[in-house]
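So the sequence lines, in the order shown, correspond to chains S and P. Under our numbering, residues 636 to 787 are what the first sequence spells out, in order. Under our numbering, residues 636 to 787 are what the second sequence spells out, in order.
Hint data in this document are derived by calculation from the structure and do not stem from the laboratory. Hints are supplied without guarantee of correctness; some may be wrong.
No copy labels: a pair is met if it fits in one copy or bridges any two.
Each computed DSS-like pair below joins lysine-lysine, with the alpha-carbon atoms no more than 27 angstroms apart [claimed, not checked]:
1) Lys726 <-> Lys756
2) Lys743 <-> Lys756
3) Lys726 <-> Lys749
4) Lys743 <-> Lys726
These figures come from a predicted structure and were not determined experimentally.
Number of protein chains: 2
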Amino acid sequence: MIYFEDLEIGAVREFGRYQVTREEVMEFARRYDPQPFHLDDEAAAATHFGRLSASGWHTCAMTMRMLVDSMTEVQQAGLGSPGIDNLRWVKPVYPGDTLRVRTEVIDKRRSQSKPWLGLFKSRAQTFNQNDELVLDMVSNGLIRVRDPGVES
Amino acid sequence: MIYFEDLEIGAVREFGRYQVTREEVMEFARRYDPQPFHLDDEAAAATHFGRLSASGWHTCAMTMRMLVDSMTEVQQAGLGSPGIDNLRWVKPVYPGDTLRVRTEVIDKRRSQSKPWLGLFKSRAQTFNQNDELVLDMVSNGLIRVRDPGVES
Numbered sequence: 636m637i638y639f640e641d642l643e644i645g646a647v648r649e650f651g652r653y654q655v656t657r658e659e660v661m662e663f664a665r666r667y668d669p670q671p672f673h674l675d676d677e678a679a680a681a682t683h684f685g686r687l688s689a690s691g692w693h694t695c696a697m698t699m700r701m702l703v704d705s706m707t708e709v710q711q712a713g714l715g716s717p718g719i720d721n722l723r724w725v726k727p728v729y730p731g732d733t734l735r736v737r738t739e740v741i742d743k744r745r746s747q748s749k750p751w752l753g754l755f756k757s758r759a760q761t762f763n764q765n766d767e768l769v770l771d772m773v774s775n776g777l778i779r780v781r782d783p784g785v786e787s
Numbered sequence: 636m637i638y639f640e641d642l643e644i645g646a647v648r649e650f651g652r653y654q655v656t657r658e659e660v661m662e663f664a665r666r667y668d669p670q671p672f673h674l675d676d677e678a679a680a681a682t683h684f685g686r687l688s689a690s691g692w693h694t695c696a697m698t699m700r701m702l703v704d705s706m707t708e709v710q711q712a713g714l715g716s717p718g719i720d721n722l723r724w725v726k727p728v729y730p731g732d733t734l735r736v737r738t739e740v741i742d743k744r745r746s747q748s749k750p751w752l753g754l755f756k757s758r759a760q761t762f763n764q765n766d767e768l769v770l771d772m773v774s775n776g777l778i779r780v781r782d783p784g785v786e787s
């Protein structure tokens with residue numbers, strides 16, 4: 636298991652391969668973000684998106700799936716997230732794109748009130764198959780401390 | 636249609652009524668956030684969530700659906716969003732909860748390079764049926780300018 640003590644500031648990981656299908660883009664948009672440029676080719680062509688694109692929240696969800704698969708693989712003792720400091724949908728995501736993720740640990744500290752809990756900041760960037768950045772965010776993570784008895 | 640010129644800083648709107656079902660919570664989690672505390676009652680009981688809770692990204696998606704329904708209703712000429720400045724999952728969302736949204740326009744400006752485009756910041760807060768804040772975020776929106784020929 637990977638615990639708080641194992642996180643290294645500056646550590647970079649790259650992973651994931653998510654194929655974005657038109658069917659999934661439209662299914663997500665119909666349910667959660669039914670704006671015309673996520674559902675209709677003609678409406679999308681008339682906007683700065685140029686053509687049908689995925690909901691930004693769908694891009695977050697697909698990125699999360701890659702993050703969770705990676706955390707599961709390395710057995711990271713994650714406990715959820717209090718939030719995101721900054722999130723930018725840098726470029727549209729289109730059906731047919733293949734996404735991947737790069738993460739970097741940028742900060743970590745022990746909880747002051749809960750000795751078993753660690754907090755860390757991680758920058759997560761999602762790229763498409765042309766190595767274009769599509770999503771850039773700084774997320775806050777919670778993680779278990781391996782040895783809560785040891786002072787930080 | 637509501638255009639950039641119609642947005643008033645300080646304007647508050649309240650809307651939405653989203654019923655969170657266990658089925659939808661697990662469907663979203665299985666696809667996009669398969670962490671044990673979003674999928675398994677026992678695993679969730681062992682965490683600070685206390686019981687099975689929705690993925691934070693699912694809460695964002697449900698909130699977006701209420702936002703889009705409201706924008707559609709008032710015919711707001713929205714053009715998507717470049718991103719979110721700050722997002723906090725303040726409390727867990729549980730199956731059986733009913734969510735609603737409060738938005739407040741907190742800033743607006745014309746694009747310097749595109750006369751037809753306006754930018755605005757809006758704080759969106761999602762509450763549950765007990766009026767507890769579950770999601771708090773500041774989003775950046777793009778909106779069409781009604782009369783691009785008029786100087787801002």
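For each hint, the structure was consulted:
1. Lys726 <-> Lys756: So Lys726 and Lys756 pass the 27 angstroms test inside a copy (23 angstroms) and across (19 angstroms) alike.
2. Lys743 <-> Lys756: within (6 angstroms within a copy, 30 angstroms between copies)
3. Lys726 <-> Lys749: Between copies, since 18 angstroms is at most 27 angstroms while 39 angstroms is not.
4. Lys743 <-> Lys726: So Lys743 and Lys726 pass the 27 angstroms test across copies only (22 angstroms; inside, 29 angstroms).
Hint compliance for this structure: every hint is met.
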